[in-house]
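Enquirer: Protein chains in written order, with UniProt numbering: chain A, 1 to 449; chain B, 1 to 449.
By construction, these hints were calculated from the structure, which means they are not laboratory data. Everything hinted at is true.
Same chains, same label: a pair holds when it works inside one copy or across any pair of copies.
List of simulated lysine-lysine pairs, DSS-like, C-alpha gap at most 25 Å:
#, residue 1, residue 2
1, K316, K274
2, K399, K346
3, K280, K68
4, K175, K57
5, K312, K372
6, K50, K175
7, K50, K312
8, K57, K312
9, K175, K280
10, K175, K286
11, K274, K365
12, K316, K175
13, K316, K280
14, K175, K312
15, K286, K312
16, K286, K274
Protein chains: 2
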Amino acid sequence: MVNNKAVSGGLEWRVRVADGSSSAVLVPESGIFQRIWQGIVGLVLGIIRKVRNFFVKAWDVGVDDPRKVMHCLKVGVALTVVSLFYYMRPLYEGVGGTAMWAVLTVVVIFEYTVGATLCKSLNRATGTFLAGALAVGVHWVASQSGERFEPIIIRSSVFILATSATFSRFIPVVKARFDYGAMIFILTFSLVAISGYRVDNLFDLAQERLSTIVIGGSMCLLISMLICPIWAGQDLHFLVARNMEKLATSLDGCVGEYFKDSEDALEIDEESRKNFQGYKCVLNSKASEEALANFARWEPGHGRFSFRHPWKQYLKIGASLRSCAYCIEALNGCINSEILAPEFIKEHLSGVSMQLTSHSSTVLKELAHITKTMRRTSTLDFAIEDMKNAVQDLHDALKSIPSQLITSQLQVDEEALLQEKKTTDPITQPTSIPLIEVLPTYYCSFING
Amino acid sequence: MVNNKAVSGGLEWRVRVADGSSSAVLVPESGIFQRIWQGIVGLVLGIIRKVRNFFVKAWDVGVDDPRKVMHCLKVGVALTVVSLFYYMRPLYEGVGGTAMWAVLTVVVIFEYTVGATLCKSLNRATGTFLAGALAVGVHWVASQSGERFEPIIIRSSVFILATSATFSRFIPVVKARFDYGAMIFILTFSLVAISGYRVDNLFDLAQERLSTIVIGGSMCLLISMLICPIWAGQDLHFLVARNMEKLATSLDGCVGEYFKDSEDALEIDEESRKNFQGYKCVLNSKASEEALANFARWEPGHGRFSFRHPWKQYLKIGASLRSCAYCIEALNGCINSEILAPEFIKEHLSGVSMQLTSHSSTVLKELAHITKTMRRTSTLDFAIEDMKNAVQDLHDALKSIPSQLITSQLQVDEEALLQEKKTTDPITQPTSIPLIEVLPTYYCSFING
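Input sequences plus hints: build the corresponding full structure.
Expert: Next comes the structure, spelled out in structure tokens:
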């Protein structure tokens with residue numbers, strides 16, 4: 001029932017169906033091996049594509065902020081230096097073979113900014129010292145109370161202290177500043193207290209651990225502060241200034257887009273659209289601002305920032321900027337809305353609104369400039385005065401809307417009477433008003449606040 | 001020149017000034033010791049107050065979420081169990097004295113949610129395994145290349161791998177999921193590669209470290225999953241539902257507050273004000289939502305959530321909810337604004353606006369209920385239909401504003417003519433309009449999106 005013959009170098013399988021009425025040619029679907037091969041090639045190509053994308057992304061990260069590359073090199077240097085404790089016999093014997101802890105410390109506490117590194121190293125040193133002292137004390141008490149009670153006392157102390165220290169990590173104050181210290185406290189206490197059961201010279205263990213941590217920590221701090229230091233405070237400072245600039249650009253773009261002639265509306269290029277979406281970064285900047293402010297308070301004085309620089313004020317400015325960004329988000333909603341204000345109101349308000357926007361964004365840009373240079377100029381006062389005048393102009397323009405409406409309504413009524421046909425209502429959707437009205441309120445509160 | 005006499009049981013110091021014209025009484029300023037004593041008492045009282053506040057806060061944290069207390073107990077139990085490796089000789093000898101790593105693993109990877117614990121333990125195990133294998137390989141190569149090149153090869157491999165692994169932590173994909181794994185990779189590689197210079201049985205070291213990590217990790221996972229598990233996925237699910245409810249309450253409160261009679265305005269109690277500020281939590285929920293979604297994807301199926309539950313969708317819902325929250329923030333700005341809409345427009349729109357708000361918040365509450373119960377009901381469709389009708393009603397009400405304006409403007413003009421005095425313009429500030437207009441746009445986009 002089945003016959004096969006060579007066809008053009010391959011095999012053709014022909015099946016005659018039982019009733020003999022027809023026969024079907026079974027074309028091998030390009031061969032099992034070929035399919036497997038194609039699958040493998042596809043897989044490999046997919047992996048290559050993914051790996052390439054990964055490296056492209058990595059390259060972008062490096063090009064975007066070369067300081068990150070510098071940080072990685074610093075980590076490498078710190079590890080290489082600390083590993084000298086292994087390679088040089090006198091150093092190795094000096095720390096009693098616990099050089100491992102120095103390596104561990106470097107890997108764990110070397111963070112991107114100086115503040116974060118300082119925060120972690122101080123937390124680690126303090127946590128280790130407190131826990132070590134406490135564990136040695138508990139161990140002494142336990143060893144005095146006989147062989148039977150010793151493990152019970154140690155184990156219950158570990159349980160109680162670990163439980164309460166873990167709980168303390170949920171309390172906001174501790175979580176913000178001493179989270180890592182609390183973890184290290186639990187770690188060291190457990191290690192020292194439990195090891196005490198097996199190790200005789202417990203005091204030496206605790207002391208060696210502390211000294212290697214101090215060596216590793218000071219190595220990190222030196223490298224982090226002396227070679228191209230990255231200060232959290234400075235980063236926060238410029239982040240806030242950059243956010244002001246982004247808001248100014250977004251504001252200009254957003255209002256400009258709204259009052260643009262409808263014919264031009266389709267011609268917005270991707271570049272400018274991307275530019276005026278900058279306020280979205282501001283919307284989500286809370287977490288990074290708080291982290292930076294938290295680290296900045298640990299940093300010593302640097303550049304134009306003293307030790308007790310009022311970092312908390314940056315958070316307040318950040319909150320004000322976010323309020324502005326919420327406002328721009330609402331304005332943006334008006335642009336994308338299907339409901340639009342009638343043309344004559346738009347025309348009536350276009351000039352004053354653009355004027356106000358331009359003055360507001362000048363104020364923001366001036367604020368950004370002042371923040372960056374940390375020098376107050378008189379230009380800001382003039383800009384604010386101009387902005388206030390623009391607000392007044394807008395109010396005047398808004399006041400004159402009712403008469404405009406009456407004129408337009410009367411026109412419509414006349415047309416309706418004359419032409420006796422359905423008229424379109426000129427003020428179906430007065431949505432455009434928020435666009436202009438919300439601005440002065442927010443900007444004034446921003447300037448006054 | 002100086003005489004003293006007893007005055008009412010104390011001493012009075014009298015100084016005669018050189019010219020003899022007058023004498024001044026030196027009253028001891030309540031005594032130096034007394035002042036020091038008062039200072040000490042003040043300090044102690046201050047410390048006691050701070051400590052009491054700290055414990056009050058801690059108590060609140062515990063009462064607010066008893067699962068946190070449970071988590072702390074679980075950590076305590078895990079540590080106690082793992083410390084058995086020290087107390088039982090066969091166990092201690094089984095892991096070759098490296099029981100320390102098990103304790104360390106438990107302290108470091110036991111996190112609040114199952115997802116976070118799983119993420120950390122898998123990261124730790126994988127990082128340790130990869131780095132251990134690589135380090136043993138590098139060490140073998142180094143040992144083959146003679147005593148002179150051995151430290152050079154090892155040190156440069158540590159430098160290169162530490163630098164590149166640190167860099168990989170900046171790449172968003174790695175940062176979100178494998179940050180901890182990358183750190184552990186650097187840690188283990190450095191430790192094993194560098195120790196190799198001093199330790200002979202390197203393979204044993206790597207293997208012991210891995211096995212203790214596996215013991216510690218599986219202990220954490222068992223306790224975390226079996227005793228009162230806290231699932232990141234479930235938390236995310238209820239967080240999103242709770243945010244919907246908060247938005248509904250805020251919306252009701254905000255619009256209700258706006259349209260309240262001005263006489264009642266002063267009588268807002270703190271409780272209701274606090275209630276309708278709930279949307280502020282939604283504004284800042286991005287970071288916690290992303291963290292929870294990130295951990296949830298590591299979790300196995302639990303409750304009504306399968307392993308591949310679409311956790312990313314929650315982030316989209318969260319983004320929509322935040323858009324609504326931005327909008328409520330803008331509405332809230334209108335309430336606090338000094339510029340208010342004229343009374344007659346407020347009255348004209350009050351009914352329809354309240355209607356729309358009530359329907360919108362019903363929809364939100366219904367959505368929250370559906371999310372919580374994971375059961376679709378037909379009530380939602382009716383609620384959405386009602387909301388759409390309310391939007392239409394509002395549009396109709398807005399359409400009729402121009403004629404209202406004309407009437408009111410004519411009245412004003414007449415009054416001005418009759419009384420010949422300065423009139424207040426009835427439509428100085430049409431700010432109330434955004435309050436009602438922005439709502440339907442956002443809610444419709446929320447429902448459709």
